[in-house]
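A.B. asks: Protein sequence lines, in the order shown, are assigned to chains A and B. Residues 647 to 898 in our numbering are what the first sequence lists, from first letter to last. Residues 11 to 254 in our numbering are what the second sequence lists, from first letter to last.
If you're looking for bench data, these hints aren't it; they were derived computationally from the structure. Values in this document were obtained by computation on a predicted structure and should not be read as measured data. A couple of the hints might just be wrong.
What the hints assert, rightly or not - Pairwise CB distance ranges, derived in the manner of DEER restraints: (1) E227(B) x E868(A): 24 to 32 angstroms; (2) V750(A) x T104(B): 35 to 43 angstroms; (3) L659(A) x G162(B): 28 to 36 angstroms; (4) R40(B) x K654(A): 41 to 49 angstroms; (5) K191(B) x N815(A): 51 to 59 angstroms.
Stated by the list, open to error - Which residues of chain A face chain B? A few of them, derived with a C-beta cut under 8 angstroms, are: (6) Q672; (7) V738; (8) R740; (9) L741; (10) V749; (11) N753; (12) L763.
Where a beta carbon is used, it is the ideal one built from N, C-alpha and C, also for glycine.
The chain contents come next:
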Amino acid sequence: MRERQSAKLDTWLDLLADVVAERLAQRDSAAPTVPLVDGITERLEQQPSSEPPVALVSLEHETSEEETAPEEVSEDESLVVVPPLPYSNGLVLRLAAVVCVIVVLINIPLNSQGVALARAVPGVSSILIRNGLLVQEEGSEEIWEYYQGAFRHISSLDAFHAHGYQWRNVHTVAPGFLENYPKGKPRHLLMHCSQSPHFYLIADGKKHWISSLEAFNSAGFEWDDTVRINCDFLRNLPDGESIPPGLPFPEL
Amino acid sequence: MLAETNVNETRRPTTASHLSIIETILRERRAFFEQIRLGHDLNVKMRAMLISSVMFLALYGAVLGSTSSLWQTLSSAVKLPLLFLATLVICAPTLYFFNLIFGSNQSLSQNIAIMLTAITVTAVVLLSFAPIVLFFMLSSSNYQFFKLLNVGVFSVAGLIGVSFLNQGMQSVTLGNDPGVKARRMVVRLWIVVYAFVGSQMAWTLRPFIGAPSMEFELFRQLGGNFYTNIVASFSELLGFGIVR
Numbered sequence: 647m648r649e650r651q652s653a654k655l656d657t658w659l660d661l662l663a664d665v666v667a668e669r670l671a672q673r674d675s676a677a678p679t680v681p682l683v684d685g686i687t688e689r690l691e692q693q694p695s696s697e698p699p700v701a702l703v704s705l706e707h708e709t710s711e712e713e714t715a716p717e718e719v720s721e722d723e724s725l726v727v728v729p730p731l732p733y734s735n736g737l738v739l740r741l742a743a744v745v746c747v748i749v750v751l752i753n754i755p756l757n758s759q760g761v762a763l764a765r766a767v768p769g770v771s772s773i774l775i776r777n778g779l780l781v782q783e784e785g786s787e788e789i790w791e792y793y794q795g796a797f798r799h800i801s802s803l804d805a806f807h808a809h810g811y812q813w814r815n816v817h818t819v820a821p822g823f824l825e826n827y828p829k830g831k832p833r834h835l836l837m838h839c840s841q842s843p844h845f846y847l848i849a850d851g852k853k854h855w856i857s858s859l860e861a862f863n864s865a866g867f868e869w870d871d872t873v874r875i876n877c878d879f880l881r882n883l884p885d886g887e888s889i890p891p892g893l894p895f896p897e898l
Numbered sequence: 011m012l013a014e015t016n017v018n019e020t021r022r023p024t025t026a027s028h029l030s031i032i033e034t035i036l037r038e039r040r041a042f043f044e045q046i047r048l049g050h051d052l053n054v055k056m057r058a059m060l061i062s063s064v065m066f067l068a069l070y071g072a073v074l075g076s077t078s079s080l081w082q083t084l085s086s087a088v089k090l091p092l093l094f095l096a097t098l099v100i101c102a103p104t105l106y107f108f109n110l111i112f113g114s115n116q117s118l119s120q121n122i123a124i125m126l127t128a129i130t131v132t133a134v135v136l137l138s139f140a141p142i143v144l145f146f147m148l149s150s151s152n153y154q155f156f157k158l159l160n161v162g163v164f165s166v167a168g169l170i171g172v173s174f175l176n177q178g179m180q181s182v183t184l185g186n187d188p189g190v191k192a193r194r195m196v197v198r199l200w201i202v203v204y205a206f207v208g209s210q211m212a213w214t215l216r217p218f219i220g221a222p223s224m225e226f227e228l229f230r231q232l233g234g235n236f237y238t239n240i241v242a243s244f245s246e247l248l249g250f251g252i253v254r
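The shape of chain B in the complex, shown without the other chains (with noise of 0.2 angstroms):
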């Protein structure tokens, strides 16, 4: 054990090895929550899993942006994992004192730790489907579509995230004192809390895409909403109207 500690002491981490923590969290979810409990490196992983997910969204961030411009790539790829650091700094206080208020006695750094691991798996999922989103950005060029297609493809990667982020809270605060049925609850609520504050996050840093109207812009004027948006993209593939 202690040669293995000097082992680990001496390597130092490479991009490979931060990588690996996404098959470890895949493969291995139960033991790698139950590190989290312990408190076992949590700063080893936080900084894995900061690097994966920034690299991933940056990825896919740079396959958004590429349906526009070149500026439009690097802005995107900028901006995506902002966006998910950004939401996760916004949000992440009131998980963790609305966890306290109801008995929890984990650290701010599991909190984090957790809500890093559903971004990690978010942006995972983000690039797996990145292949599907190339295929259609270099074999369609409708706009409404593709910004359709990419809400599809975020929402799925978002709900694969945040089922990763209950099911590590439901790991971490296993027990029978009678906070945990609260803590669950409270867990739930902020995942809705989180889903407004992402979008609202997105609305406000897009474009992601880059309308085909539009020359670059780093930032688009603020007015409308995301779901108003939406809806209008919707009727607009479906002939009814056209979004403004």
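Bound conformation, chain A alone (with noise of 0.2 angstroms):
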């Protein structure tokens, strides 16, 4: 009684086995061609939604001699089963393109000064040392310029302007910032004039005649910051007191 019952589930099986061949035999023949990559092709089983599809890769690709690789594939080689294709290729593009909108919109300006939204944060006091930067402590009016190493201050605000620094480069650090770096010589404002042998001091709006080279270089002053100017601006300036003090001042 079990045998013929085991014979009987053996025929239904053989059965069922064959319409499964039959059936997939005649999917395959029947399935579409679909460009994948330009000159790539990819074949996809029909199969019910129930179980994944499998996509058979066709590598029997006519090649340009020049490319040839030369080892040789054999027929079973050239079919790769490949995992599904679940998604669309356009999702890559979608967060490109998503990223892009991003990136034009926080960029545009959203006040009269230019500020966008991607620049919006305040800034925290990350900066980066190096030549050139200026920087102002916190309720401190100087302002310090980082030059080779060492912080010097820029002795007055003609100086500031004479030298071509710019306001909206000064950056504001907490009080004691300086404390921790070497101080360098001050950066001065002078002036001379072609019809003048003399050197000038610019500050507080005066001029102060430096006397001799002595005075010169025992005052620290550098030579980088010497300006040459016309000598009726010159003369215009009101005397301030000369250097060092109490000489009278030479005829311009």
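Hints are included, so try docking the two chains, each in its own frame, into the full complex.
C.D. replies: Structure representation (structure tokens):
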């Protein structure tokens, strides 16, 4: 009795296997050919939705002579079973488009100063210490420039403007910030004109005559700080104290 | 097959079709590397990878530069693809000739195709990080943190990229000839060289983000190096010092 049932089951299974094999063969031959990337073709098997579809990538292709690799490929190697493609190829493109739109949006200026959303968050004290950095300690009026490993004081507003510094480049730092750094020679504004051999320190809107080379060197002035200007401009500046003090000013 | 070829010949590739190569690489890498090994449509593949990677790297570069200024945004969008392509151009001959020395029969195109695969994967991973980087850009303004965040992002993307390169080189060097082991070692050593050249190239082409204390500049003065700067950034972030 049991043997008869087993034989019957085998017969049913054989019939079922035949039907499945026949259907698979039909679907395989009727499957559409979809171009994947230029030159690569993909045959998708039409399978029930409950089962994951299997894609067969055909590698049978004509190749140009110069690009053909010397290795020979067998018939079996030319077919590689790959997992299905459940999503469209445009997913990456859509992500790129969204990021692109966001980048454009956050770069649109929001106010008359041109501040965009990307730069709207106030900056913190992260500053890069390098030549030309201008800092001002909070609560102090002094402005310092970092140059060759040390901070140097910019001695006057005249010097600040004459040497081409700009207020927007001055970074406010915490009080005591400069204590951690060595100090260099102060940055002054020194002027002279072509019709006179004399040099003047400009400070507080006045000219201060530097009486000699010794006075120049002992005051710690630098030749780089000198600016050549029109003598009339220099003549019109009010006289301040000479360096050293108490000496009469020469004719300009 | 003939009809199929005709269809492919008459169809002009669009940007979308170029970008479809990314999914092909990510989902069907074995088949993709197999085609590179066989030399199938190498030019088409390389063009598609070049276009996709340049697009994505430019986009990520724009994200980086947005923190500083509009000029920095544009500059970084140009410089980031340049960084990867210049590194590729510099390093490609080394890999190719060393492989030849150890008995490889691959063409230069095959080598470049595999390297472009690595760059494309790196670019896609970077793009996938873009929303996170944008989030931190809009919610935090610490320059050193942002810089280190991006070093981390680039490291992850680069590692994934070179792992693809390693797989690609292994796929195309399948076989039993005695040079296979040596060539695998060459690839691993080359990856180290590639990382060094890439980091130095990045240092040379900086800034990509733009320091908050500095005005826009296309290239910053030479000096220092990538590694000491990263260590200094870490120390500043942890409050041990200030980056000079």
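A.B. asks: Holds or violated: is the Cβ of L741(A) closer than 8 angstroms to a Cβ in chain B?
C.D. replies: 6 angstroms, holds
A.B. asks: Go through the hint on V749(A) and say holds or violated, using the shortest Cβ distance to chain B against 8 angstroms.
C.D. replies: 5 angstroms, holds
A.B. asks: Is the hint on V738(A) kept, meaning its closest Cβ partner in chain B is under 8 angstroms away?
C.D. replies: Holds - the Cβ of V738(A) comes within 8 angstroms of chain B, reaching about 5 angstroms at its closest.
A.B. asks: Quick check on L763(A) please, does its C-beta sit within 8 angstroms of some C-beta on chain B?
C.D. replies: 7 angstroms, holds
A.B. asks: Would you check whether N753(A) satisfies its interface hint, that is, whether its CB is within less than 8 angstroms of any CB in chain B?
C.D. replies: 6 angstroms, holds
A.B. asks: Would you settle whether the hint for Q672(A) is holds or violated, based on the nearest Cβ-Cβ distance to chain B being less than 8 angstroms?
C.D. replies: Violated, because the Cβ-Cβ distance from Q672(A) to chain B comes to roughly 21 angstroms (cut-off 8 angstroms).
A.B. asks: Taking the Cβ atom of V750(A) and the Cβ atom of T104(B), is their distance within the range 35 to 43 angstroms?
C.D. replies: Given range 35 to 43 angstroms: holds, Cβ gap about 39 angstroms.
A.B. asks: Holds or violated: the 41 to 49 angstroms window for the beta-carbon distance between R40(B) and K654(A)?
C.D. replies: 44 angstroms, holds
A.B. asks: Report holds or violated for the interface hint on R740(A), using the least CB-CB distance to chain B and a cut-off of 8 angstroms.
C.D. replies: 10 angstroms, violated
A.B. asks: Against the range 51 to 59 angstroms, how does the distance between the Cβ atoms of K191(B) and N815(A) compare: consistent or not?
C.D. replies: 58 angstroms, holds
A.B. asks: Do the beta carbons of E227(B) and E868(A) sit within 24 to 32 angstroms of each other?
C.D. replies: 26 angstroms, holds
A.B. asks: Is the distance from the Cβ of L659(A) to the Cβ of G162(B) consistent with 28 to 36 angstroms?
C.D. replies: 57 angstroms, violated
Checked against the numbered hints listed earlier, the structure breaks hints 3, 6 and 8; every other hint is satisfied.
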